[in-house]
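Fit chain B to the supplied structure of chain A, relying on the hints for placement.
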Amino acid sequence: MEIKVFFFGILGDIAKTGFKHYRNITSFHDLEHRIEDDYPEFVHYTYRIAVNNEITDEKPDLKDGDQVALMPPFSGG
Amino acid sequence: MSENILIEGPVSQAVILNGLDGFNQYPDAGGISIFIGKVRNDVVSGKYVQAIEYSAYEALVIKEAEKIFSSVKEEFPEVKLIKVFHSVGIVNAGEISMAAIVAAIHRDQAMQACKKIVELVKVKLPIWKKEIYTDLTYMWKRDNLA
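Protein sequences appear in the order of chains A and B.
So for the first sequence, my numbering puts the first residue at 628; every next one is plus one.
So for the second sequence, my numbering puts the first residue at 214; every next one is plus one.
So here's chain A without its partners, still in its complex pose (with noise of 0.2 Å):
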């Protein structure tokens, strides 16, 4: 399946991008793996996980076209 991944605040920084398209994924496992091949550093970093505007605490099913944004800890005000 292909996920498009959101990364937010200092992560889009590292990933010098907004987001990205991941394709042939079988599992929420799968990808997390695949983001931590392409950007080792986000192991120092905590954030939360949304699909599809929906933030979730646990390991999310996927579907074909889910959106998952990566959020590190909120620091609006």
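There may be inaccurate statements among the hints.
Here chain A is said to cover these stretches of chain B; the calculated rule only asks that three of the stretch's residues, wherever they fall, bring their Cβ under 8 Å from a Cβ of chain A [to be verified]:
1. 269 to 275
2. 332 to 340
3. 348 to 355
Just so you know, the hints here were simulated from the structure itself, not pulled from any lab data.
Every residue, glycine too, gets a C-beta built ideally from N, C-alpha and C.
Same frame as chain A, now just chain B:
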């Protein structure tokens, strides 16, 4: 209610005043509490903050703001109307980056609910800020708990 939360650049006085217009339709609301947040010219490790650049996950900001507004209205049943404005993009030191306006039947709930809204916006809305210093270096702020 929450579709106009994000404002490009600083939140202007005009935006805040226009935001107050909608409150006329609640004659039973006797108290309006307003919080205005500005970018401070802090000194961080000897560097002066020149501006903050805010970025946001817009679709999720709208969704999470609705949840915040609902929970605050549940906690403070006298609340009649809530409006929040928050900057995205560059806001210079001294400029306004956030405003919250809350109307309630009595002032006590208006002030308490306004305080709660501000606290929740800081920890619940997917917004990030980057401090830009006068030497043009920058640092991402990580001060709120998500």
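Cross-check of the supplied hints:
1. Counting residues of the region 269 to 275 of chain B whose beta carbon lies closer than 8 Å to any beta carbon of chain A gives 4, which reaches the threshold of three, so the coverage claim holds.
2. Under a criterion of three residues with beta carbons nearer than 8 Å to beta carbons of chain A, the stated coverage of the region 332 to 340 of chain B is upheld, 7 such residues being counted.
3. For a cut-off of 8 Å, the count of residues in the region 348 to 355 of chain B with a CB near a CB of chain A stands at 3, and the three-residue condition holds.
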